[in-house]
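First to last, the sequence lines map onto chains A and B.
Positions 1 to 247 (the UniProt record's numbering) are the ones given, in order, by the first sequence.
Positions 1 to 247 (the UniProt record's numbering) are the ones given, in order, by the second sequence.
Simulated coverage check for chain B against chain A, where a stretch passes if three residues somewhere in it have a Cβ under 8 angstroms from a Cβ of chain A:
(1) 101–107
(2) 132–146
(3) 224–230
Read the hints as simulated data drawn from the structure, not as lab findings.
Here a beta-carbon is modelled for each residue, glycine too, at the ideal position from N, C-alpha and C.
Next come the chains, spelled out residue by residue.
2 protein chains.
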Amino acid sequence: MRINYKLKRLFIRQTLALNEEIKIEGAQAFYLVHVLRMKEGAEILLFNGQDGEWLAKLIVVKKKFVIVQLIHQERLQTTHSNLIYCFAPLKNARLDYMVQKAVEMGVSILQPVITHHTQVSRINMARMEANVIEASEQCGILSLPKCVSALSLSELLARWDETQPLFFCDEEHTSHNPLHSFKKDKVTMPGVLIGPEGGFSEEERSFLKKYPFVISISLGPRILRADTAAVAALALLNATVGDWFMD
Amino acid sequence: MRINYKLKRLFIRQTLALNEEIKIEGAQAFYLVHVLRMKEGAEILLFNGQDGEWLAKLIVVKKKFVIVQLIHQERLQTTHSNLIYCFAPLKNARLDYMVQKAVEMGVSILQPVITHHTQVSRINMARMEANVIEASEQCGILSLPKCVSALSLSELLARWDETQPLFFCDEEHTSHNPLHSFKKDKVTMPGVLIGPEGGFSEEERSFLKKYPFVISISLGPRILRADTAAVAALALLNATVGDWFMD
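Let the sequences and hints guide you as you build the complete structure.
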């Protein structure tokens, strides 16, 4: 089923089922009533990560809350992709941006990784989750990606499922086309590792190369910012082992 | 030759040759002296789009200008890529962002295209060029991409070299993997066309499909923002027909 581009989509925590009436309060109600100025009879889409996507009609519109009724299921629930996005967190707005892009590119787990050159030590997880929800509403996915706590690079590698590849975007790597590194066989939970601005230290690079599941890929001859590298690497991965591969 | 990540790179208009002394003034001098607080003896890299990249040493540092001497050529001049980036311009900061990303992804021509849903009618070309220069300095390229004047979609198609493909990122297109659309044979000057937020109109989509050089590609099942779609499409193109293909 195609995504309906025209209607506003909201993520909510309640169960969704036919004819159910749901009360929407707080910031979401404010948004519908005071920003979008929606009236009774208006339609929105709801999803909760479990029950698919539902068309809902506003049946009561008050200043502080809205009641909607579920009219019919627009799309069935889909399962998660299985793409782990491991990234050195950036500061503030650039982190928001990185998180939004990763959601659009279909990652299932957002795994912050603290490296030598990472400039951020504490991550605001609530802000990261809010960004995930907003991006999920906009890009049409039905399962929210999961934000997990930061790990150091050595913790990440120690805990990695070694049957799955971790594609490491290595600025120093020049020897071959990145597409050749992505093979379809048996890849069920691949990861992409994106370093901080300033890249990985020499020590980290040699450390990474010791692990057989770590596969270095090159993203061409120019210096890419971390967020650009992330979208580029995820595009290649989607088109080879991910859900852009539709043939 | 590898890019030197450590030194500040500046684009300047003067000719670059061995032992040449060059006076740097204005905003660039301000940046070196007052922002980076560089002293005599400090090193930077210079490029002008024609003479390769040069290591330069600051030999005079004054409040309003700097004189540098060219020490040696670090990298030979490279030729342009041949990638035409056709995009519906976005507003202000988001346009800056789109332009920077396109430069990082190695486009040679930035071609704004006005479509039905484009929200911008006048483009600040000077601002666009300033963004191109800044991104070029940061990402290490030696040739500046060229900014050309906006065209309407019909003008673009009427003027297009029909021996070259124009890859059209079509939200409604679902039938196959984007990688299959990129073929290496005889592609010397491909283009990528990215629509505005809100996509192309139905009329525009049918119009585009009439041209045999227009090739629809799909960027997966999620709704991508225009800037995300641009980076993703350019990554796929680089990895198949562009300069990421190194084998």
